[in-house]
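Residue numbers (this note's numbering), protein chains in the order written: chain A, 440 to 777; chain B, 440 to 777.
Just so you know, the hints here were simulated from the structure itself, not pulled from any lab data. Hints are not guaranteed to be accurate.
Identical copies go unnamed one by one, so any copy, or any two together, can satisfy a pair.
Claimed, not checked - Calculated lysine-lysine pairs in the BS3-like style (CA-CA distance at most 30 Å, straight line):
#1 Lys499 x Lys478
#2 Lys698 x Lys655
#3 Lys499 x Lys575
#4 Lys479 x Lys553
#5 Lys751 x Lys553
#6 Lys642 x Lys751
#7 Lys575 x Lys478
No experiment lies behind these values; they were computed from the predicted model shown.
Letter by letter, the chains look like this.
There are 2 protein chains.
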Amino acid sequence: MASIGIKEIASRAKVSPATVSRVLSNPELVSQKTRNKVKKIIDETGYRPNRLGASLRTRKTGNIFAIIPDISKPVNAGIVRAIENRAHSFGYSVLLGDTQGMNERGLQYAELVKMGQADGILLFSGDLPFDVNNDKPLYEQIPPLVNANERVDTDGLVQIAVDNVAAAKDAMQHLLELGHSRIAAVTGPMNVPSSCERFNGYKLALENAGLTYDPKLVVNGDYSVNSGEDAVDQLMLLRLRPTAVFCFNDDMAIGLMKKLQTHGYDIPADISVIGFDDIRYAKYTTPALTTVYQPMEEIGLACIDALLDQLKGNPPQPRCDFLPHSLEIRESTGPVSK
Amino acid sequence: MASIGIKEIASRAKVSPATVSRVLSNPELVSQKTRNKVKKIIDETGYRPNRLGASLRTRKTGNIFAIIPDISKPVNAGIVRAIENRAHSFGYSVLLGDTQGMNERGLQYAELVKMGQADGILLFSGDLPFDVNNDKPLYEQIPPLVNANERVDTDGLVQIAVDNVAAAKDAMQHLLELGHSRIAAVTGPMNVPSSCERFNGYKLALENAGLTYDPKLVVNGDYSVNSGEDAVDQLMLLRLRPTAVFCFNDDMAIGLMKKLQTHGYDIPADISVIGFDDIRYAKYTTPALTTVYQPMEEIGLACIDALLDQLKGNPPQPRCDFLPHSLEIRESTGPVSK
DNA sequence: CATAACATGTAAATCGTTTACATCCACTGA
DNA sequence: TCAGTGGATGTAAACGATTTACATGTTATG
Numbered sequence: 440m441a442s443i444g445i446k447e448i449a450s451r452a453k454v455s456p457a458t459v460s461r462v463l464s465n466p467e468l469v470s471q472k473t474r475n476k477v478k479k480i481i482d483e484t485g486y487r488p489n490r491l492g493a494s495l496r497t498r499k500t501g502n503i504f505a506i507i508p509d510i511s512k513p514v515n516a517g518i519v520r521a522i523e524n525r526a527h528s529f530g531y532s533v534l535l536g537d538t539q540g541m542n543e544r545g546l547q548y549a550e551l552v553k554m555g556q557a558d559g560i561l562l563f564s565g566d567l568p569f570d571v572n573n574d575k576p577l578y579e580q581i582p583p584l585v586n587a588n589e590r591v592d593t594d595g596l597v598q599i600a601v602d603n604v605a606a607a608k609d610a611m612q613h614l615l616e617l618g619h620s621r622i623a624a625v626t627g628p629m630n631v632p633s634s635c636e637r638f639n640g641y642k643l644a645l646e647n648a649g650l651t652y653d654p655k656l657v658v659n660g661d662y663s664v665n666s667g668e669d670a671v672d673q674l675m676l677l678r679l680r681p682t683a684v685f686c687f688n689d690d691m692a693i694g695l696m697k698k699l700q701t702h703g704y705d706i707p708a709d710i711s712v713i714g715f716d717d718i719r720y721a722k723y724t725t726p727a728l729t730t731v732y733q734p735m736e737e738i739g740l741a742c743i744d745a746l747l748d749q750l751k752g753n754p755p756q757p758r759c760d761f762l763p764h765s766l767e768i769r770e771s772t773g774p775v776s777k
Numbered sequence: 440m441a442s443i444g445i446k447e448i449a450s451r452a453k454v455s456p457a458t459v460s461r462v463l464s465n466p467e468l469v470s471q472k473t474r475n476k477v478k479k480i481i482d483e484t485g486y487r488p489n490r491l492g493a494s495l496r497t498r499k500t501g502n503i504f505a506i507i508p509d510i511s512k513p514v515n516a517g518i519v520r521a522i523e524n525r526a527h528s529f530g531y532s533v534l535l536g537d538t539q540g541m542n543e544r545g546l547q548y549a550e551l552v553k554m555g556q557a558d559g560i561l562l563f564s565g566d567l568p569f570d571v572n573n574d575k576p577l578y579e580q581i582p583p584l585v586n587a588n589e590r591v592d593t594d595g596l597v598q599i600a601v602d603n604v605a606a607a608k609d610a611m612q613h614l615l616e617l618g619h620s621r622i623a624a625v626t627g628p629m630n631v632p633s634s635c636e637r638f639n640g641y642k643l644a645l646e647n648a649g650l651t652y653d654p655k656l657v658v659n660g661d662y663s664v665n666s667g668e669d670a671v672d673q674l675m676l677l678r679l680r681p682t683a684v685f686c687f688n689d690d691m692a693i694g695l696m697k698k699l700q701t702h703g704y705d706i707p708a709d710i711s712v713i714g715f716d717d718i719r720y721a722k723y724t725t726p727a728l729t730t731v732y733q734p735m736e737e738i739g740l741a742c743i744d745a746l747l748d749q750l751k752g753n754p755p756q757p758r759c760d761f762l763p764h765s766l767e768i769r770e771s772t773g774p775v776s777k
């Protein structure tokens, strides 16, 4: 594994290091003849330019840091996969930072990019891991960054996500059209933006339908399957039970459905359940889960493209791009039982 | 985001760059007084040493490259999460390389570590992305590497995995004890080691039970949910249908169960189904999936520990550590119907 | 034939650290 | 008093590439 350097190549090819470098990065600047000579040596020796050396000089690492709340969630894994794929196709590598929901972990990761480990950040968590003030434009205070999915509540960022409010309203609309009026919600952690947004959508839909919001019908989950199961206890003990439940992600919906069924409830005859995300397993539950599809692939691609644009030196265009979601109506929702 | 360097700190503190460096990495070498002086400047300026510079000099990047077949698979995501977590706790970052099943992608990633992007490799794919010969011991030809889950068929590697053969036999044993004798198998891609190993376990178990192996009962899947569904067509068209199916991963089991149910089969009354992996969703299917648990967390930790040991300079101890699996008996398997 | 213009190659500076070695200084013990 | 010791700091050379300014060689042109 001992590797040789550009100087060695240069001396073997009887040219200068500069020429070797040019052969590699600006071949058109060197004559056909020397180019071949150098290329031959490179092939023979299996020489690979050391990226650290190059990075140090060019001040570009070719790395992108992805800060993710929890890679073990299928939505995130799906997005990361798309990201990784596209990043590599542009010659970038992706460094993974899973915060496991801990804010401080995000700060540690940000530290790494301050230390020059990466050129830019893909932020999938809702906390901006930088101290910023209002004296200067935001993008002068942070490295190139695009914020996706969990939208940080700050102006001046490039953001990419689905419109959680609208999506939640769509989900609710579907239930309302089925005649439901006692619709429960199982939220995610209320300190994460996506959950708040979906909650807003939930309340808005209720309001638009002329229904009154009943706090007893909302239980705070944490996006885990378990919390979906736990929600059942709270909800089904109510004197007036909900006829439908809107779970803010599929994991909770899956847990909730299972628990409901073990208690003898029939879905959707007794109670309708709707999820959010459309993870791979959503259509394989029994009954198949009605849910809101998030375009993981598209989100991943859009993120990379937006970040790469900044890395090319273009000033960031603060904005929020909403990518289209869609309601996948399957078997877990049905008309309210009389 | 313009950052300053060690020289700037040095001059502001009126000391030499070397002293600043020492304050940061070997504080005991510098007097209390100058130490404080330098620390003060560092705090004031928010200086962070550039990792590239340091890496270049020390020839250590603090990066680990994880080569994964498919991060969107929950097992892999779970392992990666554990890895990332522990790696960071030791000051290492993890670079992600998803091969999406493509061998060549693995080669590209290996290229990156040859270029000095990472200090070591965690290889979760079954292809060793290096040309090796037998003239020299393997570990002199490749960077520090530990191979997990999909075991490369080469001597001299440090490997960590569950014992797929034994695990498959355990799964089969369970079905055999329930009285099944026509047991089908839905394999993974037969060019990946885990699938071959499980297949061997399948055949061995049959053999031990005195049953004859029937090729018509094995269908080649690809570890995807879809291929599990497709297997149904092939299996249930047989004149003599299987009474149980061993799916080589949970995704396929989930697809297969669903399809079976839509065709009116009752699981496990008509047919038993067993999976492999014990992904988070396995216990939430209907019926809950009997499956083989893989200790994702432990695998991740063991990988990092083994790699870090090598990175400390200890020569690798070629071996294969089997981590304990366990059979999770749930509702998808039952006694054979008479 | 002198000179401009262009193609090609070279030498040296640079990026931000670390580290082997040199230096300085104060203190100890004979 | 002075050699010796040892601790604190400074100096300068790496590390491995890229890039700039400059030098050389070659060809074309008037």
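List of violated hint numbers, smallest to largest: Hint check: 6 fails alone, others pass.
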